[in-house]
Amino acid sequence: DAGVIQSPRHEVTEMGQEVTLRCKPISGHDYLFWYRQTMMRGLELLIYFNNNVPIDDSGMPEDRFSAKMPNASFSTLKIQPSEPRDSAVYFCASSLRATSGGSSSYNEQFFGPGTRLTVL
Amino acid sequence: AQTVTQSQPEMSVQEAETVTLSCTYDTSESDYYLFWYKQPPSRQMILVIRQEAYKQQNATENRFSVNFQKAAKSFSLKISDSQLGDAAMYFCAYRRYGQNFVFGPGTRLSVLP
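For the protein sequence lines, the chains are A and B, in the order given. Adding 7 to a residue's 1-based position in the first sequence gives its number in our numbering. Adding 4 to a residue's 1-based position in the second sequence gives its number in our numbering.
In case anyone wonders, no lab produced these hints; they're calculated from the structure. Be a bit skeptical, because a hint or two may be false.
Said to hold, decoys possible - 25 Å max Cα-Cα, derived DMTMM-like pairs, lysine to aspartate or glutamate:
(1) Lys82(B) - Glu115(A)
(2) Lys77(B) - Glu115(A)
(3) Lys74(B) - Glu19(B)
Just so we're clear, the structure is a prediction, and the values are computed from it rather than from any experiment.
Produce the entire structure from the sequences given, and follow the hints as far as they go.
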């Protein structure tokens, strides 16, 4: 398996523009997570999905942020309009459901390489 | 809500020496998983080691081992024979079954030659 795939790897845009980040989870994983990482705030969970359904979006900072998962193999995180303070590294991660006593691979979270977003 | 605390923002260790990174967490659950992830300058998050709360035996992966104290809700990571490639941010994380992951703020480890 190729692992979690994110695109683009780097994005530079101007304030006010729409930004769309993309993620392809590992095939068969039923959990998908979006994180944002900055020096000031560390690693923040923005939203996570289970079986394509958003479970907890309390970490989404503002209405300018939205995330979708139209099918099991694709998710997007959209920022519209973007602002300089949105500059960060955005990670997508996927996992299987953690179960008691199950295979250890059922609880590990696999991260993508991240998208470095710069909003000028 | 579960929280994960890493009280050491930065640590340093001499090459070939041993270092211990601290992690404490808060939960009312009895069954859960704990993890240590490493993030080198490449930004890629890499799983270092995992521990299942129902197992009393501490997990070990080559030079990496944990000291899991369930009653104290403590989960420290010991790196033996430190190597230059161990320099990275280290994140402690908690996961209850079927729930999302909760990450600590991270500890930046420097390895001195």
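Now for the hints, and whether the structure bears them out:
1. Between Lys82(B) and Glu115(A), the direct Cα distance comes to roughly 20 Å. Compliance with the 25 Å bound is thereby established for this hinted pair.
2. With a C-alpha separation of about 20 Å, the suggested pair Lys77(B) and Glu115(A) falls inside the 25 Å cut-off, and the hint holds.
3. Taking the CA atoms of Lys74(B) and Glu19(B), the gap is about 31 Å. The hint is violated against a cut of 25 Å.
Violated hints amount to a single one, hint 3; each of the other numbered hints is respected by the structure.
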